[in-house]
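Number of protein chains: 2
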Amino acid sequence: MSIVPREVLLALEQVRAYLNDVGRDIEPQSLRSAVRHYIETPGKLLRPLLLLTFSYSIDRRALIDPKILQAATIVELLHIVSLLQDDVMDMHDERRGVKTPRALYGDGMPIVASDWLIAESIKRAVRLGPEIVDYLAEVAQRLSVGQALDLDGDQKRAAEFKTAPLIEASLVLPTLLLGRRDIIDATKRLGRSLGVLYQYSDDFSDEKIKRDDVDTIVAEIRGALSKLRNALGEAFAPFEKLVKHIIEKALEGSLTVSRSFIT
Amino acid sequence: MSIVPREVLLALEQVRAYLNDVGRDIEPQSLRSAVRHYIETPGKLLRPLLLLTFSYSIDRRALIDPKILQAATIVELLHIVSLLQDDVMDMHDERRGVKTPRALYGDGMPIVASDWLIAESIKRAVRLGPEIVDYLAEVAQRLSVGQALDLDGDQKRAAEFKTAPLIEASLVLPTLLLGRRDIIDATKRLGRSLGVLYQYSDDFSDEKIKRDDVDTIVAEIRGALSKLRNALGEAFAPFEKLVKHIIEKALEGSLTVSRSFIT
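As given, the protein sequences belong to chains A and B, one line each in that order.
Numbering-wise, the first sequence is residues 644 to 906 according to the numbering used here.
Numbering-wise, the second sequence is residues 644 to 906 according to the numbering used here.
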């Protein structure tokens, strides 16, 4: 049995189809290959999954809204941007079991491909309204700060900025699109703390992160969850179930390594 | 005497002041230095100059419109993005007489700084309207294609995509902002051909570009200019004067090397 409702899985399939169309017609072929590399070697689509499950938990009819599916596509495209750039910055030659675009085409092409994908994300975001574009630009600037802190060697402070902003965005975008400004503060807190947990679980092995830090973050997640349950009632259960599963996986240290965690 | 009207020079000073405020408060300092490097080591501000002179030639009151000044700031920020990325891709260690951010901080920081600046440009563009954001995203995708063609070694085809889109944008943005849809086609042709001339004059030394190619482009520029003079009348003279100066400089091979060409 799946951790998330069948409706979410169906919507995720649609997002997969949307993603699969991105950059199909790009010329030259070199740019097309780099842009499409992580689309054709997909990960576990964590950000779209969070976005769709959260949307469904706010409003059962949300998943038929094309704007929600588009938002889920955008957060994955921006995640791919971060992978392409990470590969260059950290000189990764392998990811997801295959050679990285950087290893295949050199450092230039992934940088150009990330520019193309940023522009593609903006084009799609424009159709969701100016507030969404503005919010995503602000998210992107926080991600840059995170990358800079990381390059400076300040991993502890980087955690809050590196993964968290885009995971926060996966929850904030549907909240904005579904007109639920009343829950935006709790949503941001939940997204931020989930993102930090995810970043921590990625850093577990380096032992830079102490058990205390993790406990603090998990407590923060639970606090934000209960705020949202108060606001949304029983409808919120699907997202709670997903988050509990994520926390379990994180605590056992298998969150970021697993290829899929919804079945 | 200056090649452009005094009003344009005053507006250019304002754009310089706007640019000078960009990224002042960024933390960490490493990111701030990389973001501000080409602001503190300014070039000749060709794109803002084109944008402001074109705006003034469409409408004498255009330069008091804050949107026009903002658009001029944006095209320079996007130009800085392309410099930061070029430095990494072409491994430039010196530019404008000083060490590049790449040489100073490694390859990572200029990539992160370019992300920050793209996001900053988007934030500013949102305030100019969705059509402007959409157009700039499309410009960015053409720039990516140009970079990819360049990396592929196809310099001839790259010329149309590498420099031209952002120079085209310097003319198209005011045309859109000032509501002159009637001249958009001629504006695009003029911007594109000016951009290609600029790229050619940069490539003159490699002798990949033949004199015939240059003559063709100059004829194209003159054709678009006369279309615009028909539409705008005597008011268009300041921009014509600037373009004639640019063509002269290009033909004598000193366009891209000179630090300033307006006085």
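Treat the hints loosely; a few may be bogus.
Copies of one chain are not kept apart here, so a pair can be met inside one copy or by any two copies together.
[As the list claims (entries may be wrong)] Keeping only pairs whose Cα atoms sit at most 16 Å apart, straight-line, the calculated EDC-like set for lysine to aspartate or glutamate is:
no.	residue 1	residue 2
1	Lys710	Glu891
2	Lys766	Asp777
3	Lys887	Asp795
4	Lys887	Glu683
5	Lys887	Glu737
6	Lys831	Glu670
7	Lys799	Glu670
8	Lys710	Glu774
Calculated directly from the structure, the hints in this document are not laboratory data.
Results for each hint:
1. Lys710 / Glu891: Answer is neither: 31 Å inside a copy and 51 Å across each miss the 16 Å cutoff.
2. Lys766 / Asp777: For lysine 766 and aspartate 777, the Cα distance is within 16 Å both inside one copy (13 Å) and across copies (6 Å).
3. Lys887 / Asp795: For lysine 887 and aspartate 795, the Cα distance exceeds 16 Å both inside one copy (33 Å) and across copies (48 Å).
4. Lys887 / Glu683: neither (30 Å within a copy, 49 Å between copies)
5. Lys887 / Glu737: neither (31 Å within a copy, 52 Å between copies)
6. Lys831 / Glu670: neither (39 Å within a copy, 21 Å between copies)
7. Lys799 / Glu670: between (41 Å within a copy, 15 Å between copies)
8. Lys710 / Glu774: The answer is within: 13 Å in one copy meets 16 Å, while 19 Å across copies does not.
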